[in-house]
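Colleague: Sequence:
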Amino acid sequence: SHLSNKKCEKDGKLSGRKGYCWMKVEDVRADRDVKDGAHSESLFVNEVKNAPPLDLNLKGLSICDKVENDKYMHAKRMLDNVRDKMESAKRNHRSSLKLRDWDKYEFYKSFDKLQRGHVARIKEINRRHMEYRHRGQEPPSNQVVTGIDRIHWKDLSLEDFIEKYQKPEIPVIITGLVDTWKAMKNWKIQELFTGKYRNCRLKVGEDDEGYNIRVKVKYFLNYMRYQRDDSPMYLFDGTFDEDEVEAELLKDYEIPFYFKDDLFNLVSEKRRPPYRWFLIGPKRSGTNAHTDPLGTSAWNALVYGRKRWLLTKPGTRKRHVKGYELRRKSEDGEACTYFSRVVPRILRAEAEKKHRDMGIREVIQEPGEIIYVPGGWYHAVLNVTDTVAVTQNLCPRVQFLKIWRHARKGRKKMSQKWLETLKKKHPDLAEMALKCNLDDGFEWKESSKKKKKKKKKKRKKRSSSSDRDSGKSSKRSR
Numbered sequence: 029s030h031l032s033n034k035k036c037e038k039d040g041k042l043s044g045r046k047g048y049c050w051m052k053v054e055d056v057r058a059d060r061d062v063k064d065g066a067h068s069e070s071l072f073v074n075e076v077k078n079a080p081p082l083d084l085n086l087k088g089l090s091i092c093d094k095v096e097n098d099k100y101m102h103a104k105r106m107l108d109n110v111r112d113k114m115e116s117a118k119r120n121h122r123s124s125l126k127l128r129d130w131d132k133y134e135f136y137k138s139f140d141k142l143q144r145g146h147v148a149r150i151k152e153i154n155r156r157h158m159e160y161r162h163r164g165q166e167p168p169s170n171q172v173v174t175g176i177d178r179i180h181w182k183d184l185s186l187e188d189f190i191e192k193y194q195k196p197e198i199p200v201i202i203t204g205l206v207d208t209w210k211a212m213k214n215w216k217i218q219e220l221f222t223g224k225y226r227n228c229r230l231k232v233g234e235d236d237e238g239y240n241i242r243v244k245v246k247y248f249l250n251y252m253r254y255q256r257d258d259s260p261m262y263l264f265d266g267t268f269d270e271d272e273v274e275a276e277l278l279k280d281y282e283i284p285f286y287f288k289d290d291l292f293n294l295v296s297e298k299r300r301p302p303y304r305w306f307l308i309g310p311k312r313s314g315t316n317a318h319t320d321p322l323g324t325s326a327w328n329a330l331v332y333g334r335k336r337w338l339l340t341k342p343g344t345r346k347r348h349v350k351g352y353e354l355r356r357k358s359e360d361g362e363a364c365t366y367f368s369r370v371v372p373r374i375l376r377a378e379a380e381k382k383h384r385d386m387g388i389r390e391v392i393q394e395p396g397e398i399i400y401v402p403g404g405w406y407h408a409v410l411n412v413t414d415t416v417a418v419t420q421n422l423c424p425r426v427q428f429l430k431i432w433r434h435a436r437k438g439r440k441k442m443s444q445k446w447l448e449t450l451k452k453k454h455p456d457l458a459e460m461a462l463k464c465n466l467d468d469g470f471e472w473k474e475s476s477k478k479k480k481k482k483k484k485k486k487r488k489k490r491s492s493s494s495d496r497d498s499g500k501s502s503k504r505s506r
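Residue numbers (my numbering): 29 to 506.
If you're looking for bench data, these hints aren't it; they were derived computationally from the structure. Honestly, I wouldn't trust all of these hints.
To be verified - List time: in silico EDC-like cross-link candidates among lysine to aspartate or glutamate, alpha-carbon distance up to 20 angstroms:
| # | residue 1 | residue 2 |
| --- | --- | --- |
| 1 | Lys357 | Asp129 |
| 2 | Lys288 | Asp320 |
| 3 | Lys452 | Asp289 |
| 4 | Lys195 | Asp131 |
| 5 | Lys445 | Glu297 |
| 6 | Lys231 | Asp112 |
| 7 | Lys341 | Asp177 |
| 8 | Lys231 | Glu115 |
| 9 | Lys445 | Asp289 |
| 10 | Lys430 | Asp320 |
| 11 | Lys452 | Glu297 |
| 12 | Lys141 | Glu159 |
| 13 | Lys430 | Glu191 |
| 14 | Lys346 | Asp320 |
| 15 | Lys451 | Asp290 |
| 16 | Lys137 | Asp360 |
| 17 | Lys182 | Glu282 |
| 18 | Lys195 | Asp183 |
| 19 | Lys151 | Asp140 |
| 20 | Lys452 | Asp290 |
| 21 | Lys437 | Glu459 |
| 22 | Lys440 | Glu459 |
| 23 | Lys246 | Glu115 |
| 24 | Lys430 | Glu459 |
| 25 | Lys350 | Glu394 |
| 26 | Lys430 | Glu448 |
| 27 | Lys341 | Glu378 |
Stated by the list, open to error - Pairwise CB distance ranges, derived in the manner of DEER restraints:
| # | residue 1 | residue 2 | range |
| --- | --- | --- | --- |
| 28 | Ser138 | Lys113 | 26 to 34 angstroms |
| 29 | Arg128 | Pro342 | 35 to 43 angstroms |
| 30 | Lys473 | Leu186 | 38 to 46 angstroms |
| 31 | Lys357 | Asp456 | 33 to 41 angstroms |
| 32 | Trp472 | Arg373 | 37 to 45 angstroms |
| 33 | Lys437 | Arg155 | 41 to 49 angstroms |
| 34 | Lys279 | Asp360 | 35 to 43 angstroms |
| 35 | Arg242 | Glu166 | 43 to 51 angstroms |
| 36 | His162 | Pro342 | 25 to 33 angstroms |
| 37 | Lys210 | Asp140 | 29 to 37 angstroms |
| 38 | Gly145 | Asp467 | 15 to 23 angstroms |
| 39 | Gln444 | Ala377 | 38 to 46 angstroms |
| 40 | Asp456 | Asp271 | 32 to 40 angstroms |
Glycine included, each C-beta is placed from N, C-alpha and C at the ideal position.
Kindly generate the complete structure, drawing on both the sequences and the hints.
Modeller: Below, the structure is given as structure tokens:
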């Protein structure tokens, strides 16, 4: 692995040809910036399959022309540390997959060329879709793939959003709202790497026992730059509000006014199911087709990069969306495999039908855009480039009953507390929930665990009372 010092600039600014990754090396014993106490330099690493560690012919370790042995050894140790951290995370996240098999399909070789074609196709579909909208016409309903409405927030009032998209449960992309966020500056890759969030430990997956796997942001960003994995690890953290530094992420964005009517705000943070996530997605990472939990809706704001979305209307069968019948035995269920191999087969199968019932919609999300996904819509996401985003789930008032039916089964304790709060603050919704329970013949039943606990308590009381009675009788006999 060879690094040329021509790629370095003064003042530690990042530069270099496309395909190089970088990493900040702290506490380097250097003469530069000693007065200010800033011992930090930028390091570039050639994007090769086995990098890091580096070979002994490494050059240009710092912005200085001369490379000293202590600087080289320190940089090599740091790079080895990154490699060890990420390899450990990989093993724990997918224990059944050997490290050498993370890139066995070699998607990185054809990914960019393949996705350029798909991006052009999807953009053309959405351009035609908006042409129909501007004419006041409905797009043809029997197409294999249709687009999604894209509208600027100044042209979409809250009332229009509720009537056109929330009530009929139709996805939409809203532009212009993210432009004023601090995140547009603070969440750029270089800022995340050098700023206050670089040492935050965020979730990148779970192990076989369900425990969270956490990695520092600076390690993950360096991995993101040199990785060639078919399906890279995805930083997807929903607990960033628990740490003082990480909680600063909440100040970098604000909930759009379309989504502030969230009835789950009446539930305490402890009771409420996970609902917001900070995302850093390397190229080729993503999520397979799924619906959001409890029938909730979601919005996703993209700050950096480009995402490809595929959505299908509510009621579509899971096996059709995921392509179980079209997937081969050797293919995994990861997002890159799904989009690269399974989706083309799904589109071909849908094109052969006379009645196209999946209602497939595809769209490319650009930086600064927010996509709204109503509850019940299957959606899959592929990161076409490295991305940074934030997403939240919500319970809008117009979809309360639909979400209530899911919550009372999936979150019994939460829904009971939720109902008590609704009786105080929104009695009309509480009446709707109670009426829904009566109409559906629903009753909260105690779980088998609770029943067992109660039986144990009763046995203990009986045994204690019998012991007392036996003690009293023995005293009388004496």
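Colleague: All the hints need checking, so say for each whether the structure fits it.
Modeller: Taking the hints in turn, this is what the structure says about them:
Distance hint between lysine 357 and aspartate 129 is fulfilled; the C-alpha atoms sit about 16 angstroms from each other, no more than 20 angstroms. Taking the CA atoms of lysine 288 and aspartate 320, the gap is about 18 angstroms. The hint holds against a cut of 20 angstroms. Simply put, lysine 452 and aspartate 289 have alpha-carbon atoms about 17 angstroms apart, close enough for the 20 angstroms limit, and the pair holds. A C-alpha spacing of about 44 angstroms is found between lysine 195 and aspartate 131, which places the hinted pair above 20 angstroms, so the restraint is violated.
Of the supplied pair hints, the one linking lysine 445 and glutamate 297 holds, its CA atoms being roughly 12 angstroms apart against a limit of 20 angstroms. About 17 angstroms separates the Cα atoms of lysine 231 and aspartate 112, which keeps this hinted pair within 20 angstroms; it holds. At roughly 15 angstroms between alpha-carbon atoms, lysine 341 and aspartate 177 fall within 20 angstroms of each other, so this suggested pair holds. Distance hint between lysine 231 and glutamate 115 is fulfilled; the C-alpha atoms sit about 15 angstroms from each other, no more than 20 angstroms.
Restraint check: the Cα-Cα separation between lysine 445 and aspartate 289 comes to about 19 angstroms, which is no more than 20 angstroms; the hinted pair holds. The suggested pairing of lysine 430 with aspartate 320 holds, with an alpha-carbon distance near 13 angstroms, which does not exceed 20 angstroms. Pair hint lysine 452 plus glutamate 297 holds up; C-alpha atoms about 19 angstroms apart against a cutoff of 20 angstroms. A hinted pair counts as satisfied when its Cα atoms are at most 20 angstroms apart, and lysine 141 with glutamate 159 does not qualify at roughly 28 angstroms.
Taking the CA atoms of lysine 430 and glutamate 191, the gap is about 17 angstroms. The hint holds against a cut of 20 angstroms. Taking the CA atoms of lysine 346 and aspartate 320, the gap is about 13 angstroms. The hint holds against a cut of 20 angstroms. Between lysine 451 and aspartate 290 the alpha-carbon distance is near 16 angstroms, which keeps this suggested pair within the 20 angstroms criterion. A distance of roughly 19 angstroms separates the Cα atoms of lysine 137 and aspartate 360; the hinted pair therefore holds under the 20 angstroms criterion.
For the hint pairing lysine 182 with glutamate 282, the CA-to-CA distance comes to about 17 angstroms; that is within 20 angstroms, so the pair holds. Distance hint between lysine 195 and aspartate 183 is fulfilled; the C-alpha atoms sit about 18 angstroms from each other, no more than 20 angstroms. Distance check on the hinted pair: lysine 151 and aspartate 140 sit about 16 angstroms apart at the alpha-carbon level, within 20 angstroms; holds. Restraint check: the Cα-Cα separation between lysine 452 and aspartate 290 comes to about 16 angstroms, which is no more than 20 angstroms; the hinted pair holds.
In summary, the hint linking lysine 437 to glutamate 459 is supported, as the alpha carbons are separated by about 18 angstroms, within the 20 angstroms threshold. Of the supplied pair hints, the one linking lysine 440 and glutamate 459 holds, its CA atoms being roughly 18 angstroms apart against a limit of 20 angstroms. For the given pair, lysine 246 sits about 15 angstroms from glutamate 115 by alpha-carbon distance, which is consistent with the 20 angstroms threshold. A C-alpha spacing of about 15 angstroms is found between lysine 430 and glutamate 459, which places the hinted pair at or below 20 angstroms, so the restraint holds.
Taken as a hint, the lysine 350 and glutamate 394 pair is broken in the structure, with Cα atoms around 25 angstroms apart against an allowance of 20 angstroms. Taken as a hint, the lysine 430 and glutamate 448 pair is honoured in the structure, with Cα atoms around 18 angstroms apart against an allowance of 20 angstroms. Among the hinted pairs, lysine 341 with glutamate 378 is consistent with the structure: their alpha-carbon atoms are about 14 angstroms apart, no more than 20 angstroms. Checking the proposed 26 to 34 angstroms range against serine 138 and lysine 113 shows it holds: the Cβ atoms sit about 29 angstroms from each other.
At roughly 41 angstroms, the beta-carbon separation of arginine 128 and proline 342 lies within the given 35 to 43 angstroms, and the hint holds. The given range of 38 to 46 angstroms is respected by lysine 473 and leucine 186, whose C-beta atoms sit roughly 40 angstroms from each other. Between lysine 357 and aspartate 456 the CB atoms are about 53 angstroms apart, so this pair departs from the stated range of 33 to 41 angstroms. Remark: the range hint 37 to 45 angstroms for tryptophan 472 to arginine 373 is upheld by a beta-carbon distance near 44 angstroms.
One distance hint, 41 to 49 angstroms for the beta-carbon pair lysine 437 and arginine 155, holds here, with the actual separation near 42 angstroms. At about 38 angstroms, the beta-carbon gap between lysine 279 and aspartate 360 stays in the expected band of 35 to 43 angstroms. Hint check: arginine 242 to glutamate 166, Cβ distance near 48 angstroms, so the stated range 43 to 51 angstroms holds. Checked against the hint of 25 to 33 angstroms, the C-beta distance between histidine 162 and proline 342 comes to roughly 27 angstroms, which is consistent with it.
The hinted range of 29 to 37 angstroms is satisfied by lysine 210 and aspartate 140, whose Cβ atoms lie roughly 31 angstroms apart. For the hinted restraint 15 to 23 angstroms between glycine 145 and aspartate 467, the CB-CB distance of approximately 50 angstroms leaves it violated. For glutamine 444 paired with alanine 377, a C-beta distance near 44 angstroms keeps the hint of 38 to 46 angstroms intact. Remark: the range hint 32 to 40 angstroms for aspartate 456 to aspartate 271 is upheld by a beta-carbon distance near 39 angstroms.
Violated hints, in rising order: 4, 12, 25, 31 and 38; the structure is consistent with all others.
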